[in-house]
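Chemist: Using the hints provided, position chain B relative to the given structure of chain A.
Which chain is which? The protein sequence lines are A and B, in order.
Going left to right, the first sequence walks through residues 0 to 292 as numbering that gives the first Met the number 0 numbers them.
Going left to right, the second sequence walks through residues 0 to 298 as numbering that gives the first Met the number 0 numbers them.
These are computed hints drawn from the structure, not numbers from a lab.
A hint or two may mislead.
[As the list claims (entries may be wrong)] With beta-carbon atoms standing in for the labels, derived distance ranges:
1. A/Arg114 <-> B/Arg263: 45 to 55 Å
2. B/Leu220 <-> A/Ile14: 27 to 37 Å
3. B/Val12 <-> A/Ala186: 16 to 26 Å
4. A/Val211 <-> B/Gly187: 15 to 25 Å
5. B/Ser52 <-> A/Ala178: 48 to 58 Å
6. B/Tyr33 <-> A/Tyr199: 26 to 36 Å
7. A/Gly123 <-> B/Asn159: 41 to 51 Å
8. A/Leu101 <-> B/Arg209: 42 to 52 Å
Computed from a predicted model, the values in this text were never measured in an experiment.
Glycine included, every Cβ here is placed at the ideal spot set by N, Cα and C.
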Amino acid sequence: MASITQDTAINTGRITRALIYLFLFLFALYYLLPFGIMVLNSVKPLDEILSGNMVAFPDRWTIEPWLKAWSTAQVGIEPTGLAPYFWNSIKVVIPAVIISTLLGAFNGYILTKWRFKGDTILFGLMLFSCFIPFQIVLIPMARILGITGLAGSTSGLIFVHIVYGIGFTTLYFRNYYKAIPNELIMAAQIDGAGFFRIFYRIMLPVSGPIIVVCVIWQFTNIWNDFLFGASFTDFDSQPMTVALNNLVSSSTGVKEYNVHFAGAIIAALPTLLVYVLAGRYFVRGLMAGSVKG
Amino acid sequence: MSSYSKPDMTSRVQNILPKIVLSPSLFLILIFVYGFILFSAALSFTDSRILPSYDFVGFSNYIKLFGLRHWSIALTNLFIFGALYIVICTCIGLSLAIFLDQKIRGEGFLRPIYLYPMALSFIVTGTAWKWFLDPGIGLEHTMHQLGWESFEFNWIKDRNMAIYTVVIAAVWQTSGFVMSMFLAGLRGIDNQLLKAAQIDGASNFNLYRRIIIPQLRPAFLSAFVILSHLAIKSYDLIVALTNGGPGRATEVPSTFMYSYTFARNQMGIGASSAVIMLLTIASVIVPYLYAELKENKNG
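Next up, chain A with everything else stripped away, as it sits in the complex (with noise of 0.2 Å):
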């Protein structure tokens, strides 16, 4: 599309632009800024995070923070390091995003190749699920998982983030889905092809950007939980963040501030690495859980 290139760009002189570059590199010092000395400090000893200032680079770099939390920090009660919770987090991503994701492709391929009557309507019930403050399920959630016997485990917080996380997935692949040409499942129908058949040989071969696109927005929703996370685990089963908060918010002993950082590093990794490796789909993904078309 020849649209993406144009530009809206006006004539401007020489000492404007130098403003406007200049309005441009100091937010991107904002954004960098916070986590960057966020890194820097986490390779400190304390005694220098506390006795010097937050920009000055380390005398002595130490490696002994990352160490310290990833496996002996304290976090509730036990010395265990954030690492059994980084593997709880990884427990409940995996099957949430694969089964949510499935489900939304199902949904997407029959709200828009197979349709009925009233399933806008559903469709609108469905994306209305995606916006709902959770403050309002949490209290019968907490019921339900608690008769069920799934609550303080993983497979209840899994079973949460599928449910919630249907609308969004549903969206994506209904967008994406109109795109493509009806007269193609009608070609299908003639030639014999059934309801599965279509959707393995004609939908899933097209799918890739828009299974990308959704799997990373589900992988960082779900890992940057929290709320679920601290209303439905317990010590054995919290998620990341949660385990997070309690190192950086628990109020024995010393304050270890290079421990916290790293430890808040380790759990921004694996969402900043996904958005390293494929910014370009999350952007996408940003833009078309904003922009239902």
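Modeler: Only chain B this time, still in chain A's reference frame:
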């Protein structure tokens, strides 16, 4: 274009199959979203405390709720936070987008820098900013160390100013996202009109005010809807940054609901606060979704 039915057995199966495949998702949404909303709404009319009770007490929870100072603090904070958050994010997002759209060298390098905070968890953002803003160790301490002795920035410890630190951190996290929404809007504008206006001698300022910004209406609308729903749902950031403090200075409805329901065992009041949150979000989202889906049907 919905049915391609031939009156034989296989095609009848084929016609039911989509509905069968859709039904688990539908079931989950109906029960765990709408059923649960009804359940919470019902609880808000009962005298539930530590456990759900089914003694209906009418609107008394709502009356109590709006009589609580704690709740009025939470509402005021949400209003201050929400208004500033939406306005500042929109201003920064729009400015960055307009400036980035001036054939900037290194755009591909700058854009990811503006946007990466969106990939972080609010708990990580809160941890970083809590320390950055802590006068004893962060910015203020560093300024003193560097020789600027009179520098003072202790908002995070100040009851009257703490809510603004939440704004600072939240803007840091999402303004880059708003920028990319506006940038997409700008790139979609037909620049024939611009060239014509430029030839007619319109000034840069007028060009933006009269031609470009009015065309960004859809982006403004999306940004407003997304930001307002994020503002009302903000919970993690406040827990990590201030945990509602100092005192109750940064309590918002989401933290209020959590503490009344799970820490103070006032489930009825907690549920009524959740209902108010839902109604607030719905008043923004429902008209928006309705318009989007209707447009969709026609188009």
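Chemist: Where does the structure disagree with the numbered hints, that is, which hint numbers, in rising order?
Modeler: Per hint list: zero violations.
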